[in-house]
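Residue 153 in UniProt numbering is what sits at position 153 of the sequence shown, and the numbering runs on without skipping anything.
Keep in mind that the hints are not guaranteed to be accurate.
Listed next, with one range per pair, are the computed distances between beta-carbon atoms [to be verified]:
#, residue 1, residue 2, range
1, S141, V402, 18 to 26 Å
2, S294, Y144, 32 to 40 Å
3, I126, C290, 40 to 48 Å
4, K348, K243, 35 to 43 Å
5, M221, S342, 47 to 55 Å
6, R311, I126, 41 to 49 Å
7, D399, L378, 30 to 38 Å
8, M339, T178, 50 to 58 Å
9, M221, S142, 24 to 32 Å
10, S141, N377, 43 to 51 Å
11, I110, N175, 18 to 26 Å
Note that these hints are calculated values from the structure, not bench results. Just so it is clear, CB atoms sit at the ideal spot from N, CA and C, and this is done for glycine as well.
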Amino acid sequence: TKVEKSVQACITQKFRSKAVQINIKTKDQASSPLKPSIISSSTSPFKAEIIKKTYPSVSNLNKVTRTVLNKEEHSDSDISLYTPSVATHSCSSSVQSLQVQSSSDCSELIAEDRRLEVDKTLLHTIGKIEKKPRIYIGVPSSCYYLIDILKAELNIPKHHILLCLNKIRLDVKFNQLTDDYGMTPAGLSKIFLKNIPLIASFMRPFIVELDRDMIKRTLPMAFRHKYYNVSCIIDCLEIEIQKPSKAINQALTWSEYKKTNTIKYLISCTPNGLVNYISPGFGGRTTDTCVVESCDFVKSLKSGMVVMADRGFKHVEQYLKKSNITLVRPPSVETGVKMSKSQAKLTKQIASLRIHVERVIRRLREFYMLKPHACVNLKHVKILDDIVIIACALINLQDSLVK
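Can you build the whole structure from these sequences, using the hints too?
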């Protein structure tokens, strides 16, 4: 029977292609089982160094040639033309003559470049502060020479002093100050913690002592009619801190007034706005009366002096009387009782004069580390007293509050 061509499985005759090899005789890179290891200079563990090439002398080459020929004569193999041990031994003398650039020289160059970069950064930062010292460190332009005096007296580098004052004034994080001072955050923190107590001990005398004659000569006009005998005005300020880890410290620093953990200070200023006393820090739960009784504020006063205060200090009156000191404050009013016309007038008069201490505190708050909600780091709480002293001293160097 005839087989139709349309149902044939293989129409064409079978044949073997010449391009297909049964036994592979040639190997290319793709089919080779040995894969070449390609390592770039960037990923190589062996770092390239600059090498000055020196070629072996002619005498050394002659020695190598003679050694190879002798080996050939004594060898039983016809293929042995090269001996690695001989080559390694012969090249050892030439390797010793290679002059490799020392890695220490490279590190010195890198360190020098780094030093120059840091010096350039410091010069830029110091120049920026010198142009606007009041903004960056809280020091008036007319008193900028004080930085050089601090440097000479305390033997502290100038940029360390500027770092401390800059941190108090703007409360910039140490991570950000790294760009301005070219040091690590940990190094900046150590400098800050170390130098703040030294600067505070030097600045302490700038907080003036009370002098009756000086107070009378500089007494503002508003005081001269009825309150010419007022020596100072007192008030308390609170600064928020981070929540302490211990429960007892949390309780001691909790302030019902601020509803957070705070440190409280008693501050006193003269009628013309100069700070004459700043107390050590107390826990936020301490009352104003307890702060006055616990600190040595009374020791800074003289017998017969008059102190002006807010209504919250009414319980201090008996304590001050023991030292023959008079307290002037707004009259107390019982709950539900209407204030008389004379009491309202007296309250208004005292409030208008007591505003000077509020202005001092407001100027103190210009230092961002002392803002009401500054949330001072727990590491800095131990030097917070010194920070407040420095800020008060710088306030006294600024222009007068009372024009």
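So, going through the hints one by one against the coordinates:
In this structure the hint that S141 and V402 lie 18 to 26 Å apart at CB holds, the actual value being about 21 Å. With their beta carbons about 38 Å apart, S294 and Y144 fall inside the hinted range of 32 to 40 Å. Checking the proposed 40 to 48 Å range against I126 and C290 shows it holds: the Cβ atoms sit about 45 Å from each other. Taking 35 to 43 Å as the suggested C-beta distance range, the pair K348 and K243 conforms, at roughly 40 Å.
Here the CB-CB span from M221 to S342 is close to 23 Å, at odds with the stated 47 to 55 Å. The hinted window of 41 to 49 Å between R311 and I126 holds, with their beta carbons roughly 48 Å apart. Separation of D399 from L378 is about 35 Å and conforms to the stated range, judged on CB atoms against 30 to 38 Å. Distance hint check: the CB atoms of M339 and T178 are about 57 Å apart, consistent with the given range 50 to 58 Å.
Separated by about 26 Å at the C-beta atoms, M221 and S142 satisfy the suggested range of 24 to 32 Å. At roughly 30 Å, the beta carbons of S141 and N377 sit outside the given window of 43 to 51 Å. Roughly 23 Å separates the CB atoms of I110 and N175, a value that falls within the hinted 18 to 26 Å.
Hint violations for this structure: numbers 5 and 10, all remaining hints satisfied.
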